[in-house]
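From first to last, the protein sequence lines stand for chains A and B. Numbering follows my numbering, with no gaps: position 74 of the first sequence is 739. Numbering follows my numbering, with no gaps: position 82 of the second sequence is 853.
These are calculated hints, taken from the structure and not from any lab test. Heads up, some of the hints might be wrong.
Claimed, not checked - Under the rule of at most 35 Å between Cα atoms (straight-line distance), these lysine-lysine pairs were calculated in the DSBU-like manner:
hint, chain 1, residue 1, chain 2, residue 2
1, B, LYS881, B, LYS830
2, A, LYS681, A, LYS736
3, A, LYS736, A, LYS680
4, B, LYS841, A, LYS727
5, A, LYS676, B, LYS881
6, B, LYS828, B, LYS881
What the hints assert, rightly or not - Some, not all, of what chain B presents toward chain A, calculated at C-beta under 10 Å:
hint, residue
7, GLN780
8, SER783
9, TYR806
10, LEU816
Glycine is no exception: its CB is placed at the ideal position from the N, C-alpha and C atoms.
Residue strings, one per chain:
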Amino acid sequence: EAGVVQSPRYKIIEKKQPVAFWCNPISGHNTLYWYLQNLGQGPELLIRYENEEAVDDSQLPKDRFSAERLKGVDSTLKIQPAELGDSAVYLCASTPAWGGEQFFGPGTRLTVL
Amino acid sequence: TQLLEQSPQFLSIQEGENLTVYCNSSSVFSSLQWYRQEPGEGPVLLVTVVTGGEVKKLKRLTFQFGDARKDSSLHITAAQPGDTGLYLCAGAWNAGNMLTFGGGTRLMVKP
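Model the full assembly from the supplied sequences, consistent with the hints where possible.
What follows is the structure in structure tokens.
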């Protein structure tokens, strides 16, 4: 069974440019999470989806970050415009609706120059 | 401020040595998980502990949940180079599985 798929794996952009990350969760997993992970630190939750509904986006910087999961399957996280401090790894995770183990994707490493 | 404090932040040891990593909080968790993350990959779940005082073993790894469910430890016996990685603890306050991660312990085991 395929795991959580994320693309691109790496992205280098200049500040003030837009960027988007894509995540395809494990088939049948209704809950999807986006995390931000700074170098050498633990992941921090940005947003959680239950199907297509964002049920917790309190940590998402809404002035520049947006996310969508229109059909309740794959999801896109966007930053516009990117800032130097946004350089980090963006992780996507999914879990069945009843909770349990979160399965993480490999992440997208963003470098903002 | 991290709600879950992990110590040490970095640990470099020789193959065959034992080590313990700690995860501490002032909050009570309904469950606590330990993950291992290798460079370029996402975290992978090692274990979930639920009951205060619970001890779980996974080969050379022993996990313990504190009696008050505020802290946990991970003990590795006879560490091997393959144990190298970032070890993360994560606590959940309820069955909804919202996780709060600690800052991680970066372990390097030298051959």
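Status of the hints after comparison with the structure:
Note on LYS881 of chain B and LYS830 of chain B: the hinted pairing holds, with a Cα-Cα distance of about 20 Å set against a maximum of 35 Å. The straight-line distance between the Cα atoms of LYS681 of chain A and LYS736 of chain A is roughly 29 Å, inside the 35 Å bound, and the hint therefore holds. A hinted pair counts as satisfied when its Cα atoms are at most 35 Å apart, and LYS736 of chain A with LYS680 of chain A qualifies at roughly 31 Å. Taking the CA atoms of LYS841 of chain B and LYS727 of chain A, the gap is about 32 Å. The hint holds against a cut of 35 Å.
Note on LYS676 of chain A and LYS881 of chain B: the hinted pairing holds, with a Cα-Cα distance of about 32 Å set against a maximum of 35 Å. Between LYS828 of chain B and LYS881 of chain B, the direct Cα distance comes to roughly 23 Å. Compliance with the 35 Å bound is thereby established for this hinted pair. Hint on GLN780 of chain B holds. Least Cβ distance to chain A is approximately 8 Å, under the 10 Å limit. Of the supplied interface hints, the one on SER783 of chain B is violated, with its beta-carbon coming no nearer than about 14 Å to a beta-carbon of chain A, more than 10 Å.
Satisfaction of the interface hint for TYR806 of chain B is found here, the shortest Cβ-Cβ separation to chain A being roughly 8 Å, below the 10 Å cut-off. Hint on LEU816 of chain B holds. Least Cβ distance to chain A is approximately 5 Å, under the 10 Å limit.
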